[in-house]
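K.L.:
Heads up: the sequence lines are chains X and R, in that order. If you want my numbering, it's the position in the first sequence, counting the first as 1, plus 3. If you want my numbering, it's the position in the second sequence, counting the first as 1, plus 3.
To be clear, the hints were calculated from the coordinates, so they are not data collected in a lab. No incorrect hints appear here.
When chains are identical, the list treats them as one kind, so a pair holds in a single copy or across two.
Cut-off 30 Å, straight-line C-alpha distance, at most; resulting in silico cross-link-like pairs (DSBU-like, lysine-lysine): (1) K176 to K207; (2) K158 to K220; (3) K158 to K223.
2 protein chains.
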Amino acid sequence: SQPISIILREETSDAHVATEHSQGAGWLARGELDLEEYVRFLMMFWHIYDTLERALERHGSNPVLEPTYNPTLLSRASNLASDIAFFLQCPEATWQSHPAHTSLLLSRPQGFVEYITHLQALSDSADPSLLLAHTYVRYLGDLSGGQVIRRRVAKAYGIDLASGEGVKFYDFKSLDVNKRGDIIRVFDISITSFQAAMLKEANKAFELKLNLFCTFKPPKSP
Amino acid sequence: SQPISIILREETSDAHVATEHSQGAGWLARGELDLEEYVRFLMMFWHIYDTLERALERHGSNPVLEPTYNPTLLSRASNLASDIAFFLQCPEATWQSHPAHTSLLLSRPQGFVEYITHLQALSDSADPSLLLAHTYVRYLGDLSGGQVIRRRVAKAYGIDLASGEGVKFYDFKSLDVNKRGDIIRVFDISITSFQAAMLKEANKAFELKLNLFCTFKPPKSP
Ligand code: VER
Ligand code: VER
Numbered sequence: 004s005q006p007i008s009i010i011l012r013e014e015t016s017d018a019h020v021a022t023e024h025s026q027g028a029g030w031l032a033r034g035e036l037d038l039e040e041y042v043r044f045l046m047m048f049w050h051i052y053d054t055l056e057r058a059l060e061r062h063g064s065n066p067v068l069e070p071t072y073n074p075t076l077l078s079r080a081s082n083l084a085s086d087i088a089f090f091l092q093c094p095e096a097t098w099q100s101h102p103a104h105t106s107l108l109l110s111r112p113q114g115f116v117e118y119i120t121h122l123q124a125l126s127d128s129a130d131p132s133l134l135l136a137h138t139y140v141r142y143l144g145d146l147s148g149g150q151v152i153r154r155r156v157a158k159a160y161g162i163d164l165a166s167g168e169g170v171k172f173y174d175f176k177s178l179d180v181n182k183r184g185d186i187i188r189v190f191d192i193s194i195t196s197f198q199a200a201m202l203k204e205a206n207k208a209f210e211l212k213l214n215l216f217c218t219f220k221p222p223k224s225p
Numbered sequence: 004s005q006p007i008s009i010i011l012r013e014e015t016s017d018a019h020v021a022t023e024h025s026q027g028a029g030w031l032a033r034g035e036l037d038l039e040e041y042v043r044f045l046m047m048f049w050h051i052y053d054t055l056e057r058a059l060e061r062h063g064s065n066p067v068l069e070p071t072y073n074p075t076l077l078s079r080a081s082n083l084a085s086d087i088a089f090f091l092q093c094p095e096a097t098w099q100s101h102p103a104h105t106s107l108l109l110s111r112p113q114g115f116v117e118y119i120t121h122l123q124a125l126s127d128s129a130d131p132s133l134l135l136a137h138t139y140v141r142y143l144g145d146l147s148g149g150q151v152i153r154r155r156v157a158k159a160y161g162i163d164l165a166s167g168e169g170v171k172f173y174d175f176k177s178l179d180v181n182k183r184g185d186i187i188r189v190f191d192i193s194i195t196s197f198q199a200a201m202l203k204e205a206n207k208a209f210e211l212k213l214n215l216f217c218t219f220k221p222p223k224s225p
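Using the sequences and the hints, build the whole thing.
P.N.:
Structure, rendered in structure tokens:
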């Protein structure tokens, strides 16, 4: 059978094309969104990544999630907060009380609520390992198409790419984005690691049965 | 990569041999246990299966557990209760208050407590999908070695195999035990089903992102 990374790419390619070719993705990727609207997008994204990253932290030891759980390398919420504060020209600690943010919370768009609700439900569900699919779509997307968007956004909103202020979201510091292959390979480990955990558990099950046998009192009759 | 059923068998074969060749397994499999001790074993087993089967019921929709979740075919707790009542010569509804049972509960052997505690912890854990390993070791064991033990037990304790009273534990009614291969194949579906759930979730993740893009207000500037 094929590695999960290949299967994931192939089986989501229609959805990728549909998303990439949507009107909104076009506006974003061509740097056409009004700055106010781009910042609103960053704020919605902050809530989405905050929800996802809390969920991954909560389930970091799940054998399916553990191999790709690398917050130092991947987490985006704090980078998003930094970009938002930059655009709103306010301290990072106070952006959440800025009118742009409070008015977003007062009328949350449907597609925003839906995303958060879905991630939270997965985190609370019997099978949080499905969060792996979101690790894949979010972080690999940011590492791929995200790098193209970074240059367009910088050009559109007059950002100095050298300083990096305002486009930290697209900046995976310790990670050479050309080494995306390394990250992708980690996804394949997820399944192997799941199998390893299962085998360990099967051996534990035998051991438990053996210990149960050890509770037998020896037969009185010869 | 190999099917999980083959991997499970190969990777637990040492543990299988160790358990099968233990002194207690020998006493059991040769029908040498005192009847009192055999009934104590059935009572401990009832608690173990009861814990396992409640856990499987609770997590029946987990994508890893779903393919092998078949209580009608597999559940053992009620068959065990019937065998226990038969040997204790009491109604099935009251065996739990029989002195043989109350004294077991008053001094629970270490290997018994450990088994139950472990299953309950798995059920309450972030990854109940590992219960699959216990489905494997318990039910496939009962369908395999269990069928040999059934005949020895019947002979040792003077049971009429035609009536089946007292050996219902080994009796998988609707299942031809020679069709064990069919059951084993279901284990392979578990991993495939897990992948399918993951792919569905990855496509959902793209859809959520698409819907988020739909919340964008059109650019004012042309
Ligand atoms: C919803 C997520 C998403 C979106 C919206 C999205 O949109 C775009 C856009 C325009 C918007 C562009 C130009 C691109 C380009 C590329 N993407 Fe895509 N992408 C997503 C996820 C995703 C993933 C998961 C991957 C990794 C696939 C892999 O390499 O295995 C990739 C890989 C690549 C490789 C390239 C050039 N992407 N993408
Ligand atoms: C703890 C569980 C266990 C015990 C104690 C246990 O002990 C015994 C004994 C003696 C006691 C004997 C004679 C046997 C015989 C056989 N077993 Fe085993 N067995 C367990 C699990 C288990 C499994 C899971 C399997 C399925 C392997 C497979 O077929 O894939 C099998 C398969 C077989 C096939 C054969 C003849 N067994 N077994």
